[in-house]
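2 protein chains.
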Amino acid sequence: MFTFRKTALAAVLIGATAGAAFADSHGNPAVKARKQVMGLYAFHLGTLGAMAQGKMDYDAELATKAASNLAALTSLDQSMMWPAGTDSGSMEGTRAKADIWSNFPDVAAKGAALADASMAMKEAAGGGLESLQAAMGPLGGSCGGCHKPYREPES
Amino acid sequence: MFTFRKTALAAVLIGATAGAAFADSHGNPAVKARKQVMGLYAFHLGTLGAMAQGKMDYDAELATKAASNLAALTSLDQSMMWPAGTDSGSMEGTRAKADIWSNFPDVAAKGAALADASMAMKEAAGGGLESLQAAMGPLGGSCGGCHKPYREPES
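First to last, the protein sequences are chains A and B.
The first sequence runs 40 to 194 under the numbering used here.
The second sequence runs 40 to 194 under the numbering used here.
For the record, the hints were derived by calculation from the structure and aren't laboratory data.
Incorrect hints may have been included.
A pair holds if it fits inside one copy or across any two, identical chains being indistinguishable in the list.
[As the list claims (entries may be wrong)] Mimicking DSBU-like on lysine-lysine, the simulated pairs with C-alpha atoms at most 30 Å apart in a straight line are:
1) LYS94 with LYS187
2) LYS71 with LYS149
3) LYS136 with LYS149
4) LYS149 with LYS74
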């Protein structure tokens, strides 16, 4: 349903410029959905990170809510949000490298690491500021674990 | 942290036009987050609705995945996504009526109805097309149950 591919050949046929050679992600529900999931990770990580860094007063209840939401979000089944042909080489508006689709077992492992680190944060967040801070490193590391190999640098 | 209020008085003081008299929602993380949650509801409801209407072949596994994700999303704690001052009378870029904040017990009941209908869909979606279709009515009704009283019409 959500697969969406424009080939290089099609781009040549329509005489497109380099910029328009790619399909646009805006109309692709799957790409939009995965960006919304990432946005919601960031929203909750923002709260936890602000507390960890002392930019916001530690609040055990709010920290637990944010971490619980994050754990639920990282446990979503994202298989329908990553259809073939939605990589950065095939369309505009995504930084998802094609390597994601050729290294799927590794990508799944990175996702599982994020879910595990989020679950650990859910357990830790309400246990005091130091407990939250200790869980923050592995959680941030699990974000980078996928972004470093599989996300294009910001252009 | 995420509360954000511009008063009518402030608008008068800065001599703003009607359009600029409101704060803009784009910089407000809470408004962005709740829109992302709604977007993810829509993404999964789109799959379930397309199957229910025969626009997409029934697929028990995919239906169950979509419904399970929806159930997880409707169970998120949204309390940090609806800070005071983020209603349509206080800022641009949201259709959330101020009545939400003055009728909170009712709003919470509407949210619980959505979560219940989503859980029922999670149970039903994999049990055949007719089972999915039967769960669709109450689920759609629960969306309208909140949107009708509490969301501004599209302008």
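Hint-by-hint comparison with the structure:
{"no.": "1", "hint": "LYS94 with LYS187", "in the structure": "within (26 Å within a copy, 39 Å between copies)"}
{"no.": "2", "hint": "LYS71 with LYS149", "in the structure": "both (21 Å within a copy, 26 Å between copies)"}
{"no.": "3", "hint": "LYS136 with LYS149", "in the structure": "within (15 Å within a copy, 40 Å between copies)"}
{"no.": "4", "hint": "LYS149 with LYS74", "in the structure": "both (17 Å within a copy, 27 Å between copies)"}
Comparing the model with each earlier hint shows no violations; every hint is respected.
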